[in-house]
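There are 4 protein chains.
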Amino acid sequence: MENVKIAFFGLGNMGEPMALNLVDAGQEVRVYNRTPSKAARLVEKGARIARSPKEAVRDADIAITMLANDEAVRDILLAPAQPDGAAIDALPRGAIHMGTSTISVAFSKELEQEHSRRGQGYVASPVLGRPEAAAAKKLWVMAAGPGDQVERCRPVMEALGRGISVMGTQPWQANVTKIAANFMLLALLEAFGEAFALFRKSGMDPHALLEILNGLFNSPVYANYGRMIADRQFQPAGFRLKLGLKDAGLALAAAQDAAVPMPLASLVRDHYLSAIARGLEDADWSALAEVIAQNAGL
Amino acid sequence: MENVKIAFFGLGNMGEPMALNLVDAGQEVRVYNRTPSKAARLVEKGARIARSPKEAVRDADIAITMLANDEAVRDILLAPAQPDGAAIDALPRGAIHMGTSTISVAFSKELEQEHSRRGQGYVASPVLGRPEAAAAKKLWVMAAGPGDQVERCRPVMEALGRGISVMGTQPWQANVTKIAANFMLLALLEAFGEAFALFRKSGMDPHALLEILNGLFNSPVYANYGRMIADRQFQPAGFRLKLGLKDAGLALAAAQDAAVPMPLASLVRDHYLSAIARGLEDADWSALAEVIAQNAGL
Amino acid sequence: MENVKIAFFGLGNMGEPMALNLVDAGQEVRVYNRTPSKAARLVEKGARIARSPKEAVRDADIAITMLANDEAVRDILLAPAQPDGAAIDALPRGAIHMGTSTISVAFSKELEQEHSRRGQGYVASPVLGRPEAAAAKKLWVMAAGPGDQVERCRPVMEALGRGISVMGTQPWQANVTKIAANFMLLALLEAFGEAFALFRKSGMDPHALLEILNGLFNSPVYANYGRMIADRQFQPAGFRLKLGLKDAGLALAAAQDAAVPMPLASLVRDHYLSAIARGLEDADWSALAEVIAQNAGL
Amino acid sequence: MENVKIAFFGLGNMGEPMALNLVDAGQEVRVYNRTPSKAARLVEKGARIARSPKEAVRDADIAITMLANDEAVRDILLAPAQPDGAAIDALPRGAIHMGTSTISVAFSKELEQEHSRRGQGYVASPVLGRPEAAAAKKLWVMAAGPGDQVERCRPVMEALGRGISVMGTQPWQANVTKIAANFMLLALLEAFGEAFALFRKSGMDPHALLEILNGLFNSPVYANYGRMIADRQFQPAGFRLKLGLKDAGLALAAAQDAAVPMPLASLVRDHYLSAIARGLEDADWSALAEVIAQNAGL
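Residue numbers (the numbering used here), protein chains in the order written: chain L, 6 to 303; chain W, 6 to 303; chain F, 6 to 303; chain B, 6 to 303.
A few of these clues could be false.
No distinction is drawn between identical chains; accordingly, a pair holds when it is met within one copy or between any pair of copies.
To be verified - Below, in silico cross-link-like pairs of lysine to any residue (SDA-like), each with a Cα-Cα straight-line distance of 25 Å or less:
#  : residue 1 : residue 2
1  : K10       : G124
2  : K247      : Q261
3  : K247      : P97
4  : K247      : A111
5  : K114      : K142
6  : K114      : H212
7  : K251      : L221
8  : K142      : G284
9  : K114      : A77
10 : K114      : S207
11 : K114      : R79
12 : K251      : A213
13 : K251      : A111
14 : K114      : E76
15 : K50       : R123
16 : K206      : P151
17 : K206      : A264
18 : K247      : G208
If you're looking for bench data, these hints aren't it; they were derived computationally from the structure.
Looking at chain L on its own, in the form it has when it is part of the complex (with noise of 0.2 Å):
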């Protein structure tokens, strides 16, 4: 991989670990975060720190965001709040920005043309993986962007993670794509809540219902939340409930704009809000089923 430099957003539970594979692929990292004591091992292996967002950019060939949702992409790249102006202004002509977070259709569209108009590229680029996978390069990236422009990052992506799936010459087609597969593991987790209820109620004990699935499915990802919520384990959080409710929001949102009803998608949005209610908001997203269990007097 030649030498790029990359500026990098968002050092969460995902994003440290990437950004920490960039810099041991020998890439000239430098990391802006509004917590800069987040960068302490990163700066220890080699990353370099910027005081703001505009800063990290300047020099920039990729400009990678790894940050929690739409909101937080734009006060990041967009806000003209920014100390010394908004960062996609300084980000040069042709350098690409590569976003790995899971945000909206919509937004990605937007994101879209602002880069397109100061002529600079934009590749969305999610990756399906949890936190331990981050750090394995073992995610998988799901890219989409103008063909020459993924090939560019196609080095960087990598370094992240064991396989990249194109899905389309739009950025949006990536993001849509992520949406739709973490849906997918919302409907699970939102099936496992009433099965495992159901068993529970009738006086069975899941786990029992659970090797029988396993045999079923046969899938890592069954028998890994299938453990999860059969053991009633959701402390501590791999994945953040209140992230679950946002991803259903963004399967809403999209199938909202393309006009496609997805009720599986609005019962898992209110299971969450139920979680939310009850104080759940912690708790790994897999909680989903204890409100079911409540909810069916357990």
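Let chain L serve as the given structure and place chains W, F and B on it in line with the hints.
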């Protein structure tokens, strides 16, 4: 496997290969079917035909039912309308009814009582697997009943499948397990339907999403149903749509008795009703996804 | 009203005032009730007590049922377990069964056949109104059955209510009407529940919203149920919650037979199941709203 | 009513008759509309036309908005893209924005802040009633805002409607009230849709059910919408279907902010999306029932 005399009811696309496997295993099998011609292959292999349910069970050690639903089992075993009386009264004391059909929890409890007060055994042993698996002896058997009865049936179960899970000592425990497992399949069909509708309406190819999901879930069930739905290949029906409606109904009935809301099961039920109202009754149950697509104007 | 001999079954909070009105109207009323003490007031006014359902109907011109559900009607009329045989066999040819209970469409069709092949008449005549309306002869009767039979029952209906709507010549047509009307009430309870939960969670007083809704809808039903729910006054139960669950189930059963999705009925059913799981079984059916409030963390 | 200078925005089928009533009441009305020809009748009666939003509000005591949604209000008042700058900056200190549009709770809170820091007043005053009611001065106004501001707007409200309910001192309180009231109407449309689908699919005439419901609820709203739906008369649209979708969305947004599940609102939203996907976008919002009928194969 010591020699046992088996009465077998239900020569549909699951029952026929199951009965053939029992004949192949050297058992003495007597079949009864409303349409005797359906027994032709079995007779060729050595099975005998009974002219009535009562005649079929008269000397049986084990009576196996593989029928469509509660009503069909009730008609064969309990109905006094049979030419020579209710078959259950002809089943010898000490013989066992091995119920492999997918029936309701409530009816399973009723059967347990009916057999019990006649000194007969009853082991619920519904199976997981489609017709191909039945033919290949690859079914998975979920068994429940008194320990000694389950043991007596074990050789028969081994002749039918690749594994057995004992779910408890009360027969209905196997039934609720089967109902919960089928519900998990229904939930997956619904999820595929919604995700693919969003994808198609966004102008994208559902096969591209399926590839991502196969990477994520790594499950043969996802690969198989995902492909059927992405291809919109709902004929011929491996498992008919109206049986999907029946399964959703079984989950809802068990859930109502246990006071458990299962809104996802209701959602599936409604989509199946819509499918039937639109003439999809004889399609494969995965055509659930087609209704969801139609609701999105596809 | 010419003198008719009436057998009356069901002395609950609806049936007792109805039977009293018939006695007041000068009819010869013979009642049967499992708990004979419930007939005390009726006997005082001149009604006679029968010791069995069969005895009650033996000389009757019209047999009226006002029982809780299908099972209760089946037990009284069709069950052979009665001390002296099934009551339906004792009802004279030419006599009419006037069924005022809220029963399923399917069972109403079954009753029509059972009476028909015994040369008896059957008029379904469910009523709208709560116990106060029954006492005040202000029920509204929805009647269906062969024209001449409906006419013969008309004087009796007039003694019970303030009006009669003839829904058709097939008895089940009155039952599906009653089921649809009750569904509209259930839908209103659900709507109140959700709107008030939003209002309360926003820190506002639901009574203020109710005032607006009273201005908008100008309906006594809204005023009445709206006040109960805004006051959270669910005891004593005018109409018990588990009867609400029954009504939702009747709508869903009729809808399934007609292949009609009724997702709002499923929603109500699930909330009632949750109510029962949380111990609200004996509250008024408007306590549906309480479950919705709890789901919002209230 | 003392003479006040009014700026009026939004001459749709609600806004035009409202503005005419203000002119009739002797007020000095200045209107701005993107399509100036829509102001013809108003000008004839004595209103004046402004060439920009800014010009319209420059001397106003009260600026009234009756626009389609959040975006339309934002465009008129806050957008800097207007030829001569954002109109809100031209509204005099001490003047009041009287917002009669149905907008979101979140945007109402934003407007309150924007006006407040410019020393302007803001009274939310959404109205209940269809265009005929607007013309006949029979709207019902739900008002909220600081007491003195509400009082200053009262004469204007009195010129528009038959009554005023003050919902609180914070403007958003009127908006959440309007949203909840519209939700109750949406719930009714859904309920009619399902009940009539069941009725029609059972081979019966929905008008016969409507007669019963009119007796039961005794509400002009039931009579009116029930007739439209039973007649399947959805054109011309008194209130367009896509505004129904907007209203469901406003309820869901307010509910999400308050962590309140509103599954019935989700149900309505999904049916509206399906309606739009099937080309019913410009029908009356009561055509929600048509989607439900189609889902039942009608």
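request  = Indicate which option fits the pair K50, R123 if close means a Cα-Cα distance not exceeding 25 Å: within, between, both or neither.
outcome  = For K50 and R123, neither the intra-copy (33 Å) nor the inter-copy (50 Å) Cα distance is at most 25 Å.
ask   = Is the C-alpha distance from K251 to L221 at most 25 Å within one copy, between copies, in both cases, or in neither?
value = between (30 Å within a copy, 20 Å between copies)
ask   = At most 25 Å between C-alpha atoms: does K114 with A77 qualify within a copy, between copies, both, or neither?
value = both (16 Å within a copy, 21 Å between copies)
request  = With 25 Å as the alpha-carbon cut-off, assign the pair K206 and P151 to within, between, both or neither.
outcome  = between (53 Å within a copy, 22 Å between copies)
task = State whether the alpha carbon distance between K247 and Q261 is at most 25 Å within one copy, between copies, both, or neither.
result = both (21 Å within a copy, 12 Å between copies)
Copy assignment of K142 with G284, given that the CA separation must stay at most 25 Å = Neither: 34 Å inside a chain and 47 Å across chains, both beyond 25 Å.
query = How would you label the pair K114, E76 (within, between, both, or neither) given a Cα cut-off of 25 Å?
reply = both (15 Å within a copy, 19 Å between copies)
message = Checking an output row: K114 and H212, CA cutoff 25 Å. Within, between, both or neither?
response = between (44 Å within a copy, 23 Å between copies)
query = Within a copy, between copies, both or neither: where do K251 and A213 come within 25 Å Cα-Cα?
reply = Cα proximity of K251 and A213: across copies only (24 Å, versus 32 Å in one copy).
ask   = Is it within a copy, between copies, both, or neither that the alpha carbon of K114 lies no farther than 25 Å from that of S207?
value = Close across copies (13 Å), not inside one copy (49 Å); limit 25 Å.
inquiry  = My question is about K114 and K142: at a cut-off of 25 Å on alpha-carbon distance, are they close within one copy, between copies, both, or neither?
reply    = neither (28 Å within a copy, 45 Å between copies)
ask   = Is it within a copy, between copies, both, or neither that the alpha carbon of K251 lies no farther than 25 Å from that of A111?
value = both (14 Å within a copy, 18 Å between copies)
Checked against the numbered hints above, the structure breaks hints 3, 5, 8, 15 and satisfies the rest.
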